[in-house]
Amino acid sequence: MPARRWPPAAWFLLAGIPLLLFFVLYGLPVLQLFRLSFDRFDPGQGIIPAFSADFYTKFLGDGYYLSILWRTVRISLGTTLIAAVIAYPVSFYLLASSGWRQTLLLIVLILPLVTSVIVVSYGWLILLGQTGLANRTLIDLGLTTRPLKLMYSETGILVALVQVQLVFMVLSVSTSLRGVDSNLIRAARSLGAGAWRAFWLVVFPLSLPGLRTGALLVFSLSMSAYGIPALIGGPRVKVLSYLIYEQSISLLNWPFAASMAVILLASTTGLLGLAGLWRRLRRRRVPPATPAPMGAAA
Amino acid sequence: MSYLEIQDLRVRYGEQTVLDGVSIAVEPGERLCLLGPSGCGKTTTLQVVAGFVVPDAGHVRIGGRNVLGDPPERRNIGVMFQSYALFPHLSVADNVGFGLRMRRRPAEEIRRRVGEALDLVRLGHAGAKQTRMLSGGEQQRVAFARAIVIEPSLLLLDEPFSNLDARLRQEMRSELLGLLQKLRIATIMVTHDQEEAMAIADRVAVMRAGRIEQVGSPAEIYARPSSLFVARFVGESIVLAGKVAALGGDGGDVVDVPGAGRLTGEGIAPLSVGEQVQVLLRPQHLQLRPVEGAPAALPGWNRLTAEIEQVLFLGHRTECYLRLGEHRFIVWQNTPLAPSLQAGARALIEWQAQDTLLLRAER
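So the sequence lines, in the order shown, correspond to chains A and B. In this text, residue positions in the first sequence follow my numbering: the first is 9, and each later residue adds one. In this text, residue positions in the second sequence follow my numbering: the first is 0, and each later residue adds one.
Worth flagging that the hints you see were computed from the coordinates, not collected in a lab. Heads up, the beta-carbon is just placed ideally off N, CA and C, and yes, glycines get one too. Hints are supplied without guarantee of correctness; some may be wrong.
Said to hold, decoys possible - A few chain B residues that don't get close to chain A, going by computed Cβ distances all over 12 Å: (1) Gly13; (2) Gln15; (3) Arg103; (4) Pro151; (5) Leu163; (6) Ser216; (7) Gly314; (8) His326; (9) Ala360.
What the hints assert, rightly or not - A short, non-exhaustive set of chain A residues, derived as facing chain B with CB atoms under 8 Å: (10) Asn191; (11) Val211; (12) Pro213.
Stated by the list, open to error - Distance windows between CB atoms, simulated: (13) Tyr12(B) to Ile94(A): 26 to 34 Å; (14) Pro87(B) to Leu85(A): 39 to 47 Å; (15) Arg121(B) to Leu85(A): 47 to 55 Å; (16) Gly202(A) to Asp201(B): 32 to 40 Å; (17) Leu114(A) to Asp19(B): 38 to 46 Å; (18) Pro87(B) to Ile94(A): 43 to 51 Å; (19) Gly235(A) to Gly68(B): 34 to 42 Å; (20) Ala106(B) to Gly150(A): 49 to 57 Å.
Turn these sequences into a full structure, and let the hints steer you where they fit.
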């Protein structure tokens, strides 16, 4: 029986429907947001249609706003890094285990993601508060005398973001690790690499595609996270998404909120683009033929 | 004392006994082959020696020193994996140089020794290539170069030819043998293919169910297998069940085979009268002759009359399938067959008593 082939028109239609939906539901609002970000705003009159970059210059010229942008980037980078470091041992355990252990671990990882951020944040409030479990344990162990400020702090945001987004990193990294033939590790060991060097020189480089995917997901989700930073950081530790919420919902200054949203989008995609560019340049610079001193690099 | 001594290795995975007391020795520069069906423990033995599997009991000594306490990276053993296990993110030269970098050799020395190793396997031009761009045979040669460039005290080869197609396999077999003869590194090779084992090895150890069944030179193993298992594993064989009728007669022991008569042969181990034995014949030792006009049987020869069922002309030899009652025979004849010997005809099968091996029947 000959295989039934779809005419090109059907393919076009098949790809066209989601493209159209994407354009209508996502593309148009973003374009509108972009247009809105150039409008003016007066507390008495509301939005005044215009074409000015006032809010951009206001944001980029003000140390206060820039410090919040930097904090947002800092928290996102930190979340990505911590998630990556935790993801490797967790992935190894995930791949080594089977049956109910594996299922249980996956449930534990996914649970914070499917739980309401309010519940997650409230849970961390109990743990991280002045008299919470974390501080009591630290004091009982004699590691600190005064309770640490964990709630309403960057540390608190970081911890909660890692908890919620770890699953993305673990799933990407473990998928990559699954493809690494265990004989490669054995080969490295037999050639004189200890377990640690075998990891750094063989397993880690081969897991980079997964790490990259995981980092992309965790970084962009952390940059735009609102619920957890708002509830755990509160107004004292603001991130960019909090500022956007404040301007749009509380102060109704939609043009300023829109310009900050554009800045958030630009800095997220810009940083990811820079990371990709750096990787490409570095790859071109290293000639594949020379036996590079890899031992030293590790 | 031998160079490599493996003593009474025992490995269990849960309820399953994988190695059940494996002992074997390898002399300096010797090539030993572990031969056996899958699941016999040959690969596990290799992994214990390499340090990837910790045995429940036993010793592994190299040059008199017990290495079981050492992790794999401190054993200085070259391993060539069945899948070659080349590092896909490194070039050919970086793969080969990996072991030398781990030993922190100067860059100049690494470059020189990698070049020499690649020249040895005729891949001197391919150092800059990515490993995935190489053919199967080339990948195997890179894996070999990577294993020997560290000047290992022992070389382990796990099913080195199983990933190659039939034609390349034969080519690489003689190439690998040449390299091993040139390098004179003590080598253990694992294979399930008796031809590979016999071609490469100085000595062959046939393994069965976690034990070593027989150790000997390829010729010994083939000519005087200690059990039916070994005999069947190392070549095509014809087996007849019988009972010892007399011992030490003219040219050997006499056996009664029901349905085939009296045969004379040589016992591998001392036999006693009345004992059940298995008579082992090799197809190339048998000769066919037309029944009509045959001279009387010579002393020291066995003779049977059987019916030809099938004749296959293969060019380099003719394979004949014969039947005598419930017994079946295969005859490989290199000389032209008499024209009267066709399917359906009766023929005399003749062979020398010295080519008739008598094995104690296995219970």
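Check on Leu163(B) being off the interface with chain A, judged by Cβ distance over 12 Å: holds, 17 Å
Range hint 26 to 34 Å (beta carbons of Tyr12(B) and Ile94(A)) holds or violated: Given range 26 to 34 Å: holds, Cβ gap about 31 Å.
Beta-carbon spacing of Pro87(B) to Leu85(A) - inside the hinted bounds 39 to 47 Å or not: violated, 30 Å
Interface-negative label, Gly314(B) against chain A, beta-carbon threshold 12 Å: holds, 41 Å
Minimum Cβ-Cβ distance from Ala360(B) to chain A exceeds 12 Å: With a cut-off of 12 Å, Ala360(B) remains clear of chain A, as the shortest Cβ separation is near 42 Å.
Outcome for the supplied range 49 to 57 Å, where the beta carbon pair is Ala106(B) and Gly150(A): Because 51 Å falls inside the window, the suggested range holds.
C-beta pair Arg121(B), Leu85(A): status relative to the range 47 to 55 Å that was hinted: holds, 50 Å
Verdict for Gly202(A), Asp201(B) (Cβ pair) under range 32 to 40 Å: holds, 34 Å
Restraint outcome when Asn191(A) is required to lie within 8 Å of chain B by C-beta distance: holds, 4 Å
Least C-beta distance between Gln15(B) and chain A, which was stated to exceed 12 Å: holds, 18 Å
Interface-negative label, Gly13(B) against chain A, beta-carbon threshold 12 Å: The claim stands: Gly13(B) keeps its Cβ more than 12 Å from every Cβ of chain A (closest is about 14 Å).
Cβ distance range 38 to 46 Å for Leu114(A) and Asp19(B), holds or violated: Cβ of Leu114(A) to Cβ of Asp19(B): about 39 Å, so the range 38 to 46 Å holds.
Checked against the numbered hints listed earlier, the structure breaks hints 3, 4, 11, 14, 18 and 19; every other hint is satisfied.
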